[in-house]
Amino acid sequence: MSILLVIFRRLVHAFLLILAVLVLNFLLIHIAPGDPAEVIAGEMGGATEEMLAQIRTAYGLDQPVIVQLGTYLGKALQGDLGQSFFYNAPVLELVSGRIGATILLVMTALLFAIFVGTLLGVIASHKPKGIVSGLVTLVSVIGYSAPIFWTGMMLVILFAWSIPIFPISGMYDITKGDDLWTRALDILHHLVLPALTLGIVYLAQYARLSRASMLEILGSDYIRTARAKGASEISVYGRHALRNAILPVVTIAGLQFGSVVSGAVLVETVFSWPGLGTLAFDSILARDYPTVLGILFFSSLLVIVANLLTDLVYRLVDPRIRMEG
Amino acid sequence: MSVVLDVKDLVVDFKTRAGNARVLNQVSLDLREGEILGIVGESGCGKSMTALSIMGLIPNPPGRITSGSISLDGQELTSMPAAKLRAIRGNRISMIFQEPMTSLNPVFRIGDQISESVLLHQNVSKKEAWKRAVEMLELVGIPEPAVRARSYPHELSGGMRQRVMIGLALACKPKVLIADEPTTALDVTVQAQIFDLLKNLQEETGTAIILITHDMGAVAELADRVSVMYAGHVIETGSTRQILDDPRHPYTRGLISCVPHLEDNPGDERPYLEEIEGVVPPLTELGTGCAFAPRCKHVMDRCLTTNPVIGRVSQQHSVACHLLKEKELA
Amino acid sequence: MTVTSDQNLHISSQSPLKEVARAFRQSWAGMLGLVLLFLVCVFCLAGPFIYMVDPFEVIWAPLTPPGEVANVPLGTDYLGRDILAGLIHGGASTLFVGLVAGVLTMTIGILVGSIAGYYGGMVDEALMRLTEFFQVLPALLFAMVLVTLFTPSIYVVSIAIGIVSWPATARLTRAEFLRIRNLEYVNAARSIGARNNRIIWRVILPNALAPLIVSATLTVGIAILFEAGLSFLGLGDPNVFSWGMMIGAGREYILDGWWTISFPGLMIFLTVLGFSLIGDGLNDAFNPKLRER
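Residue numbers (our numbering), protein chains in the order written: chain A, -14 to 310; chain B, 15 to 344; chain C, -5 to 287.
No lab work stands behind these hints: they were computed from the structure.
It cannot be assumed that every hint is accurate.
[What the hints assert, rightly or not] PhoX-like cross-link-like pairs, simulated, lysine-lysine; straight-line CA separation at most 20 angstroms: (1) B/LYS29 with A/LYS114; (2) B/LYS29 with A/LYS112; (3) B/LYS187 with B/LYS145; (4) B/LYS187 with B/LYS213; (5) B/LYS213 with B/LYS141; (6) B/LYS98 with B/LYS189.
[Stated by the list, open to error] Simulated restraints, written as ranges between beta carbons of each label pair: (7) C/GLU51 with A/LEU(-4): 55 to 63 angstroms; (8) B/MET94 with A/LEU297: 40 to 48 angstroms; (9) B/ASN214 with C/GLU126: 27 to 35 angstroms; (10) A/ILE(-8) with B/GLU149: 30 to 38 angstroms; (11) C/GLU246 with A/GLY82: 19 to 27 angstroms.
[To be verified] Counterexamples of contact, computed for chain A against chain C with all Cβ distances above 12 angstroms: (12) PHE(-7); (13) LEU9; (14) MET36; (15) ASP47; (16) GLU78; (17) GLY82; (18) SER154; (19) LEU181; (20) PRO304.
Since this is a predicted model, take the numbers as computed values, not measurements.
Where is the CB? At the ideal position from N, CA and C, for every residue including glycine.
Go ahead and model the full structure; you've got the sequences and the hints to work with.
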């Protein structure tokens, strides 16, 4: 099977998942207590009769359910995820305005966690009973048990208040200049604490994971071969072992992407980071269902795309599964 | 013939939870230019440990070389700094392992794994190293070497992988090649091919080979000389003929009679397959006596208290057994 | 090298359960977790009878720092409600939701995973696609949507957490079933005519329990974090006091009253830590070989 065919199959698979998420959204509208039209309108009981009638025609709500589903999917695939009556804007517009900030936060946190975590894991594997190993275990236990929003707030108290070196909230400061570099640096400055908060949980997990897989790999036959070749310890760790040790990290990181997005919702709320999370928080408070469901859809889309990318990265790193379907 | 590799009184200890295990005890071996030296013995007798000590690859901790010397062309290896030793490993001494399935790194092309070795030890460009890798693959009998060099290990069979390992080990034209049970994990038909390959390459390149095995047949066919190991000791060394035709140590005798002989008389009432009773004692519990004493048919009081030293039977043949002095074996 | 192979020779005649209990007692992580959890439970269950203050009642000036006034030892929140009382009363709902959601997660996960792993083929394919689908939905967001669409109560919250968290358990169970289903004793059971149901629940499941029990303790921990997250976002049961809700309420006053968020956060942390340490301890106890690492 050629690699293109493999990719094509993954794309079809991804598309089916997207459809499934849309079907779920449709089902959620219908299982929710109350009139679907009111759910779509998004204002519990506040929508005018005229508006509801309009929605009923638009979504064919007097038709059989299967036709309604068709209408809904058709609209959704054309990018029409409904109208937010709370923000008075199309959901697509609202969400696409916010999704960039979430991607920035999630990717920064995840890449930070993968790189620093793996590095720490490799260092720890060098001395399995050393200080770094102990520290990795400690941080991973704490990172695993502490609620992420609380860690974020503790960091705010520490680094934005006690030692004020980072901003408390937001994504940038409009009073600063708006030329590209100033703005980019300002965003970076605002990004540090939220990304650290979100990343630290996964960082510790990846460090622990890569430490364990490094320990296993360092005892493997092909590492002995590398040493028998006369390869230096740096090459043994950095080239021969690391490339194998990063595989489980990539796998887990891909599987966890959804959980990182979930974490981002909380972190964004803590730091008022203007992404999907804060939008979700605000629209849930306003009972703005179209927006809430739109966010669920788009964040699932993010996860699907991320899984697709992970799959490709994995195939690049591991020749053994490169051609598997 | 001059001695390429000289191992003298090598002692290697491992710290285990059950106490100190002396995995190698006063091991002495010499490997001469261009010969094949067989090392035989049961599992756990220290064959592989000897090989790893020579390579400087003993896992440390828990293992360490306590005393003794290993010299390659008169250069002492045991006291050599790590960086200098690395320049020798894979270059002047190389090794192939028991498990071809897992001895190659799964994420690199085999051509890259061979050229890596060339690049580590020779001042050549990447392109030349790759060319050398393809040559090596051809040398070890891999069909379509230029294409195969781009394969990953999982795309090759066990026998092919062992060929790659041999190519990898010989890439820098080493003086010494250690083959640690190179065929144990392979099918019988493939085993013969690999042994043939080793023999041919040895004749072509003149590389001296230490062949570690428990396959007495292979030893008979390939080795010029044989050392027999038991529980961390070398108990007998001699030319292959001497060891096979005139084994002196009771253990060696047992080992040889363990090999089934198809040409034995059909009417012969002797058991088809003999075995040596008992098992190798735990290395943590070795006393001062001969390690083989508990299993030996000829055991004497002396065997239980003092460990026999190596004594000469003839110019080439030496054995560590109290029976040698008693002349009872003669 | 087989220098240490004789280590495994001494055979124990104890029952497996006793053996695990003994190994668990030797694990400092497990014992610490047990002690932590015990203390948290005593605090939440006995607390209301010893420290009789209504957590909803405004009793002092807002944002009184801890230690400043003798009868509000941990200070007050932005409305002037007693923090210590909040901590005592906030635990019960958190623990309740954690346990119910944990049980629900394990039930769905084990059900799906064991059927998929046992039957294989199309059934497996279909169930794994479903699992995969649920893993694509960011769990917290999905739970938020579910809780919003239905009225938030501790039951709805528990069910929502269960619905979004089961895929991990299902995958674990399936992997165990795939490993076990072709072992000799399963074939033996099949050969004497045991029916599928019996083989799944009586033969395979008991042998897959070790990793599932470990995962259950971790699942309860995760469920508690979920509950805390939802309450923090204001999606918990508004009529029940909870630690997450306290942090959510203190969010705006983070710089004026660090204590309003620090203490409830610490309680959540200690509780989840207790569960995950117990998980570590059980893991060690079930896998004695891993302990050598």
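These are the hints, each one checked on the structure:
| no. | hint | verdict |
| --- | --- | --- |
| 1 | B/LYS29 with A/LYS114 | holds, 17 angstroms |
| 2 | B/LYS29 with A/LYS112 | holds, 18 angstroms |
| 3 | B/LYS187 with B/LYS145 | holds, 15 angstroms |
| 4 | B/LYS187 with B/LYS213 | holds, 15 angstroms |
| 5 | B/LYS213 with B/LYS141 | violated, 30 angstroms |
| 6 | B/LYS98 with B/LYS189 | holds, 16 angstroms |
| 7 | C/GLU51 with A/LEU(-4): 55 to 63 angstroms | holds, 59 angstroms |
| 8 | B/MET94 with A/LEU297: 40 to 48 angstroms | holds, 45 angstroms |
| 9 | B/ASN214 with C/GLU126: 27 to 35 angstroms | violated, 53 angstroms |
| 10 | A/ILE(-8) with B/GLU149: 30 to 38 angstroms | holds, 36 angstroms |
| 11 | C/GLU246 with A/GLY82: 19 to 27 angstroms | holds, 25 angstroms |
| 12 | PHE(-7) | holds, 18 angstroms |
| 13 | LEU9 | violated, 7 angstroms |
| 14 | MET36 | holds, 20 angstroms |
| 15 | ASP47 | holds, 22 angstroms |
| 16 | GLU78 | holds, 19 angstroms |
| 17 | GLY82 | holds, 18 angstroms |
| 18 | SER154 | violated, 10 angstroms |
| 19 | LEU181 | holds, 17 angstroms |
| 20 | PRO304 | holds, 24 angstroms |
Of the numbered hints listed earlier, those contradicted by the structure are 5, 9, 13, 18.
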